[in-house]
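Visitor: So the chains spell out like this:
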Amino acid sequence: MSSVAQPNRQSARPLPDQPELERLVQFALDAARRHGADAAETTLSVDQGLAASVRRGEVETIEHRRDRAMAVAVYFGRRKGAASTADFSERAIEDAVKAACDIARYTSEDPCQGLADPAHLATAVPDLDLYHPWDLSVDEAIDRAQACEQAAFDTDPAIDNSDGAEVNSHGGVRVYGNTNGFLHGYPASSHSLSCAVLGRRGDDMQRDFWYSVSRLPEGLASAESVGRQAAARTVARLGSRRLGTTTAPVLFTPQMARSLLAHFVGAISGGNLYRKASFLLDSLGEGVFAERVNLREQPHLPQALGSAPFDGEGVATRERALVEAGVLRGYVLSSYSARQLGMETTGNAGGVHNLALEPGDLDYDALVGGLDRGLIVTHLMGQGVNLVTGDYSRGAAGFWVENGEIAYPVEEITVAGNLRDMFRSFAAVGSDTDIQGNIRTGSILVDRMTIAGE
Amino acid sequence: MNQPNAENLSLAQAHILGPAGLTEDDLDKAFGQLMAPGVDAADMYFQASRHESWVLEDGIVKTGSHGLDQGVGVRAISGEKTGFAYSDEIVLPALLEASTAARAISRSGASGSVRAWQPNHAPALYESTNPLDTLTADEKVELLRRLDAEARAADPRVEQVIVSLSGLHDVVLVADSEGQLSGDVRPLVRLNVTVLAEQDGRRENGTAGGGGRHGYAFFLEADKALDYAREAVRQAVLKLDAVDAPAGTMPVVLGPGWPGVLLHEAIGHGLEGDFNRKGTSAFSGRIGERVASPLCTIVDDGAMAGRRGSLSIDDEGVQTQQNVLIERGVLKGYMQDKLNARLMGVKPTGNGRRESYAHLPMPRMTNTYMLAGPHDPAEIIGSVDRGLYAVNFGGGQVDITSGKFVFSASEAYLIENGKVTRPVKGATLIGNGPEVLKHVSMVGNDLALDSGIGVCGKDGQSVPVGVGQPTLKVDALTVGGTEA
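Protein chains in written order, with this note's numbering: chain A, 638 to 1091; chain B, 137 to 620.
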């Protein structure tokens, strides 16, 4: 830990110098060479910040966070070994490299193993404007959290308890280097404000939350608006009923729609494809979604939450169409999974970067208004998704719609179907795009799903 | 097994404080820094862990990894307020700095002190050996290969086999402001087999595994490891013939062992002290009320030798114990850490757990299970006209406040006229925690605990847990299939 003269002030602790972190990465790569490795790669990350939470107006926790990690992979021919350490002393790094080399003596020759092809490495690292530190004192964090929670209490008398409000601010640096000469890093920050409150009406008690997240302190929604939204969402759930078992159209709000697209990303990810553990095998060039669906990956959006100049193995990220008019145009591949499939990396070691679903013409209210009868899903529970088969069955809560109007809130039901059918029956995409995440989407209307209830 | 813990404490001191050159006097100095007048309680959690994992896939050992992690978390509590800071360097300046940051929660200036250090004598529930050293690298690799061969030999429809082996050696030292010094040396091993089977273009996966607080020899006893491989194949192949699951509310018979994830979600989380102190749980203020049928007695027991969810001492230095949560259907007690116990005026129950030094402790489950009942499992299935028999599950989740919970069946069958008939596809089951166990009408005499695979997540922190139960019948539970 570096010295902190004023523990009350996060900014008193600047991020470690990037050149020093790059030196440590280079040290690890050199150590791997010294121990006889033919190739090596190292990822280093440091992250530090402050989290302050209040509950019922009083401070609950103040957390000073500081995390760091270094991961080393070494290759002897096509045999791989890996190790990690949170201790950045040269001795500890040397030990980690040695441990990785020891392991590589026992792993098998795997022709797909190895560093990314140098031709794919990022040659320039664009500045994506991802680092905006917040000169936030503990007192300021507390004040903002208190204002947020108070706004929730003030919104509705049914709000009678709280799980608290939290302000979280952190920033860090990520450096990646490999023995093909790649050594780059970049800083990034993230700030958030969240609030969770409880409402009561008779015996019925419900909880809900809302949040705002941004790379810029000034990008956050106001404390008051986050608190009001948390309260409004909670109050709307009071009086929830069950439904009889039925089939109906299901409208996923943007926050829930995001999970559907995450399942899609899982199904077209190289790791699942080469293991044949996906229901979307061999679907390149096929219509996997309804024709209205266009999905782009946009890794270089300035200040965006999912932006990255290069992926987890130094490969340049690039904007591309993943789905055009419902047709799958690309997979999500790392060098390893690409080699397994006989393809080329798509710059997705570590995942996708800002996946954006093209918005439709109708906003949320218009989509609801267009439902004769149907379910709005605002909450999903559990992990009932099988990517091998596409079978989908999850717990849900939300609202029942009749004649274009919300009739009442519902809970203790499930929604089920098969993702392959669900993707092809996206009947509408809303214009209400939520950009507070790596996947940017509006509401999604799925034509027909089975709802299990009473 | 029951070696005196004084040995563990000295091991932990030697392992953690020794290399850092820290002495008990240094701890005194740090506590002096930490204990401001407004600070009611404080603790320091030192941790040094070493872990490894090995993965076999496509018949070859693809990768292995090794990791080292260490650090100290420093916490100061003032009323309901908690100040927390941590360092990944165990050296005196870092300790003093973290103490200064944590104590800022109380805005006074003077220094306090702690009483003379007293060793915690809680007995150890597991061996203190480092599991990573209990097999050679060659033996680990050979074990993976044997499981791959076993799975492939078990059925020609097996297309893909992934075997993973991991081990953790976790040494912790807890010093608190009451002067108690506790140490624990915690082994944890885990072995898992996943297979993918294919028939006529249809693919299904199956997974099985286990583990506990042991060395790797645990897997070699009585062909345990080979059984995981056979079991994973059995599940995958069975699913190749599964039909769509039913949708709607019906009687559900849950098999013994891992289906106890029902209890973890429906009951367990809602009985954690923090939610109940805050009044945010569907179970808040309901001690003494009937929340389950009289057939149901449910405990959380962190003091079971060698189990995955067990701890000799919890992460606040409190000796673990068996806590009765529900006795013959009546709600008896909550699970507590020190903070919530103090604020609720009860004793800690040994449930204060944290993912690591970099996380704050919370009330968490350990091994949660229902005691055996009077019924023959065959009689239970025979009593159902039309329903679901669910014997394997993925994870679950609960909304603490509304009490609604889900858990997802990965292996289930239709029951028709008292007989188990066709296998059905996976489906999520949903219910209401404070109500579901009132509908338990039969409890089997076949209590089993899970094989040692559970991971529980709460507020972003993961900890290993166990569950268990006998076969039981829930008269009405909603099954989320597609066949309406």
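Please note that a few of the clues may not be correct.
Here are the simulated DSS-like pairs of lysine-lysine, each with C-alpha atoms no more than 30 Å apart in a straight line [to be verified]:
1. LYS165(B) <-> LYS913(A)
2. LYS165(B) <-> LYS468(B)
3. LYS198(B) <-> LYS913(A)
If you want the footprint, here are the derived chain A segments under chain B, 3+ residues with CB under 8 Å [what the hints assert, rightly or not]:
4. 906 to 918
5. 955 to 968
Stretch-level coverage of chain A by chain B, calculated; a stretch enters the list once three of its residues show a Cβ under 8 Å from a Cβ in chain B [as the list claims (entries may be wrong)]:
6. 768 to 778
7. 1004 to 1010
8. 1018 to 1027
Keep in mind the hints are simulated off the structure, nothing from the lab. Quick caveat, the model's predicted, so the values are computed rather than measured. Positions of the beta carbon are idealized from the N, C-alpha and C atoms, including for glycine.
Visitor: Evaluate each hint against the coordinates.
Guide: To see whether the hints hold, each was checked on the structure:
Straight-line distance between C-alpha atoms of LYS165(B) and LYS913(A) comes to about 58 Å, which puts the hinted pair past the 30 Å bound. About 42 Å separates the Cα atoms of LYS165(B) and LYS468(B), which puts this hinted pair outside 30 Å; it is violated. Proposed proximity of LYS198(B) and LYS913(A) is supported: the alpha carbons are some 17 Å apart, at most 30 Å. Requiring three or more residues with a Cβ within less than 8 Å of a Cβ of chain B, the coverage given for the region 906 to 918 of chain A holds, as 3 such residues are present.
As drawn, the region 955 to 968 of chain A meets chain B at 0 residues by the rule of a beta-carbon pair under 8 Å; below three, the given contact is violated. Counting residues of the region 768 to 778 of chain A whose C-beta lies closer than 8 Å to any C-beta of chain B gives 1; at least three are required, and the coverage claim is violated. For the region 1004 to 1010 of chain A, the stated coverage by chain B is violated: 0 residues have a C-beta nearer than 8 Å to a C-beta of that chain, whereas at least 3 were required. Here's how the region 1018 to 1027 of chain A fares: 7 of its residues keep a CB closer than 8 Å to some CB of chain B, so the rule of at least three is met and the hint holds.
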